[in-house]
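Asks: Residue numbers (full-length UniProt numbering), protein chains in the order written: chain R, 1 to 202; chain H, 1 to 202; chain E, 1 to 202.
Treat the hints loosely; a few may be bogus.
Pairwise CB distance ranges, derived in the manner of DEER restraints [stated by the list, open to error]:
#1 H:P195 - E:Y190: 57 to 63 Å
#2 H:E5 - E:G140: 49 to 55 Å
#3 E:Y190 - H:E5: 54 to 60 Å
#4 H:S57 - R:T88: 51 to 57 Å
#5 R:I9 - H:F171: 38 to 44 Å
#6 H:W192 - E:V54: 52 to 58 Å
#7 E:G140 - R:D61: 33 to 39 Å
#8 H:R142 - E:M185: 26 to 32 Å
These aren't lab readings, by the way, just hints derived from the structure by calculation. Idealized CB from N, CA, C, for every residue including glycine.
Take a look at the letters that make up each chain.
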Amino acid sequence: MISWELLNIIGTIAFALSGVIVAMEERYDIIGVYILGFVTAFGGGAVRNLLIGVPVSALWDQELLFTIAFLLMTGAFFLPQVWFRHWTRWGVLFDAVGLAAFAVQGAIFAAQMDLPLSAAIAAAALTGAGGGIIRDLLAGRRPLVLSRDIYVAWTVPAGLLIGSGLVDQFFGYVLILGGIVSLRMLSVYYNWQLPRRQLPSS
Amino acid sequence: MISWELLNIIGTIAFALSGVIVAMEERYDIIGVYILGFVTAFGGGAVRNLLIGVPVSALWDQELLFTIAFLLMTGAFFLPQVWFRHWTRWGVLFDAVGLAAFAVQGAIFAAQMDLPLSAAIAAAALTGAGGGIIRDLLAGRRPLVLSRDIYVAWTVPAGLLIGSGLVDQFFGYVLILGGIVSLRMLSVYYNWQLPRRQLPSS
Amino acid sequence: MISWELLNIIGTIAFALSGVIVAMEERYDIIGVYILGFVTAFGGGAVRNLLIGVPVSALWDQELLFTIAFLLMTGAFFLPQVWFRHWTRWGVLFDAVGLAAFAVQGAIFAAQMDLPLSAAIAAAALTGAGGGIIRDLLAGRRPLVLSRDIYVAWTVPAGLLIGSGLVDQFFGYVLILGGIVSLRMLSVYYNWQLPRRQLPSS
Numbered sequence: 001m002i003s004w005e006l007l008n009i010i011g012t013i014a015f016a017l018s019g020v021i022v023a024m025e026e027r028y029d030i031i032g033v034y035i036l037g038f039v040t041a042f043g044g045g046a047v048r049n050l051l052i053g054v055p056v057s058a059l060w061d062q063e064l065l066f067t068i069a070f071l072l073m074t075g076a077f078f079l080p081q082v083w084f085r086h087w088t089r090w091g092v093l094f095d096a097v098g099l100a101a102f103a104v105q106g107a108i109f110a111a112q113m114d115l116p117l118s119a120a121i122a123a124a125a126l127t128g129a130g131g132g133i134i135r136d137l138l139a140g141r142r143p144l145v146l147s148r149d150i151y152v153a154w155t156v157p158a159g160l161l162i163g164s165g166l167v168d169q170f171f172g173y174v175l176i177l178g179g180i181v182s183l184r185m186l187s188v189y190y191n192w193q194l195p196r197r198q199l200p201s202s
Numbered sequence: 001m002i003s004w005e006l007l008n009i010i011g012t013i014a015f016a017l018s019g020v021i022v023a024m025e026e027r028y029d030i031i032g033v034y035i036l037g038f039v040t041a042f043g044g045g046a047v048r049n050l051l052i053g054v055p056v057s058a059l060w061d062q063e064l065l066f067t068i069a070f071l072l073m074t075g076a077f078f079l080p081q082v083w084f085r086h087w088t089r090w091g092v093l094f095d096a097v098g099l100a101a102f103a104v105q106g107a108i109f110a111a112q113m114d115l116p117l118s119a120a121i122a123a124a125a126l127t128g129a130g131g132g133i134i135r136d137l138l139a140g141r142r143p144l145v146l147s148r149d150i151y152v153a154w155t156v157p158a159g160l161l162i163g164s165g166l167v168d169q170f171f172g173y174v175l176i177l178g179g180i181v182s183l184r185m186l187s188v189y190y191n192w193q194l195p196r197r198q199l200p201s202s
Numbered sequence: 001m002i003s004w005e006l007l008n009i010i011g012t013i014a015f016a017l018s019g020v021i022v023a024m025e026e027r028y029d030i031i032g033v034y035i036l037g038f039v040t041a042f043g044g045g046a047v048r049n050l051l052i053g054v055p056v057s058a059l060w061d062q063e064l065l066f067t068i069a070f071l072l073m074t075g076a077f078f079l080p081q082v083w084f085r086h087w088t089r090w091g092v093l094f095d096a097v098g099l100a101a102f103a104v105q106g107a108i109f110a111a112q113m114d115l116p117l118s119a120a121i122a123a124a125a126l127t128g129a130g131g132g133i134i135r136d137l138l139a140g141r142r143p144l145v146l147s148r149d150i151y152v153a154w155t156v157p158a159g160l161l162i163g164s165g166l167v168d169q170f171f172g173y174v175l176i177l178g179g180i181v182s183l184r185m186l187s188v189y190y191n192w193q194l195p196r197r198q199l200p201s202s
């Protein structure tokens, strides 16, 4: 289970930092920064536990992770201004890493439970996107999940490859994680879009 | 349990299509259409399972329903333009059918568990409205639940009639379902309103 | 467990009334008033049960509380206009009482479960703020949790004092409850602020 734990830590830290950046963009006070960071970081895991059937109380067993997230968020709040010159890209990057780590983790779990392929795809998407959805709703933003550039579609390969059993080893998980992060960042950079269709709003 | 299953299928399909229509109104891409459709369709059931105490993992046992919803949503996305001439009314209709099917289902469950009448009313309202609330929150819209014309009030008769044991047969369930859909559509058409009271906003 | 029950009743009633006031400010109809009241009142408890691991179905055992909340909300809807002269402050007060009661309750639970101190702090904050977050999301408002004046920070002392075992008696709980309500109301009145930091929005 080392890969499960590792993915959990990576996803949690990345989403915590993405929450901090959104909170500072919205000019929240220091408590607002902690709240948005914690909710983004652990909300993803809570959604995963709810959807997958892990008791939600397992949430409270992660004291080490709470402490790491708290220290990181405090550091980010007091970071010198110069570090934030490229903060927009950092926020998008942290969100991409969180998305990828939790997507792979959700797919691994579904595969281990012998759930059908469609469930693995859904688990990857929902586990990956859960924390970010809560963050955006609380911040009063349009959820990134439904953003203009390609976001949640990149979790589908994770669901397919892991859910079908094609990839079932640590090295493969890392490759998928790196692939998702890269594709997500390229989507933002080049503003890749999927086909869309418009109905006039009522 | 045939009526329970049937109501689940009807509610899921109706909410899936209502999600697709909202997504196209908001000009989401094809993945956004699938996401909003799935979340609306299965979010209602997830809320129901959470509130009623069914394990949420039961969510993943519905592979047939996943496949049906996926094919329907794909079809709707590629439907020729002419079919959408009256799309606004279709969107409202699908939402009404989902509301009615899940409201009846929530009330049946509460009655089978010998929960008190107030719980049957609440279960009908919450199960019926859950999927639509999630859809509207994700789409950044004011939830239909709190809309100007009468919406969730029509679930109260379902809770009363089924929760009190007056209606406990398949034929009665169908009558209530038809009644809710009709009353909801008439509310929209004639813009029926309940009394309201205003306090100046702070 | 008398203090647990009492805190539950106080929190539920206070949040119900705060939901009613928000609903009337937004000019919702009478069903909207009931919905927002119930969701605010019992949403806090549902979030608590979810996070803490109490079965959510325990929600339906509170028939007496449902009835009390229903009667109170009906009364508030028909209250003569003159009573609402100071409604803004009443809405803030009810929300503060709900926040305090549920924060103390969440911290007591975490302490009884021998959860670590960080979990007690988180439980106090999340249990206290849960109902209000749902209310604000449904009403399309920026959550009070992230408001300009100090809100959720006042739950931290409850988590610290109760989670560390320093306070473990009814009288102490009441003192903390009174302290949180007073500090919250003073924050609003004097517009107390915590330090904040701004990044330009992307």
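Asks: Is the gap between the beta carbons of Y190 (chain E) and E5 (chain H) within 54 to 60 Å?
Replies: holds, 58 Å
Asks: Tell me if the beta carbons of P195 (chain H) and Y190 (chain E) are separated by a distance inside 57 to 63 Å.
Replies: violated, 38 Å
Asks: Taking the CB of G140 (chain E) and the CB of D61 (chain R), does the distance hold inside 33 to 39 Å?
Replies: Hint holds: Cβ distance 36 Å, inside 33 to 39 Å.
Asks: Within 51 to 57 Å: is that where the Cβ-Cβ distance between S57 (chain H) and T88 (chain R) falls?
Replies: 38 Å Cβ-Cβ, so the 51 to 57 Å window is violated.
Asks: Holds or violated: 26 to 32 Å for the Cβ distance of R142 (chain H) and M185 (chain E)?
Replies: With a Cβ separation near 30 Å, R142 (chain H) and M185 (chain E) satisfy 26 to 32 Å, so the hint holds.
Asks: So the hint says 38 to 44 Å: do the beta-carbon atoms of I9 (chain R) and F171 (chain H) match that?
Replies: violated, 56 Å
Asks: At the C-beta level, are E5 (chain H) and G140 (chain E) separated by a distance inside 49 to 55 Å?
Replies: violated, 35 Å
Asks: Quick one: are W192 (chain H) and V54 (chain E) within 52 to 58 Å, going by C-beta?
Replies: Hint violated: Cβ distance 40 Å, outside 52 to 58 Å.
Hints 1, 2, 4, 5, 6 from the earlier list are contradicted by this structure; the remaining hints agree with it.
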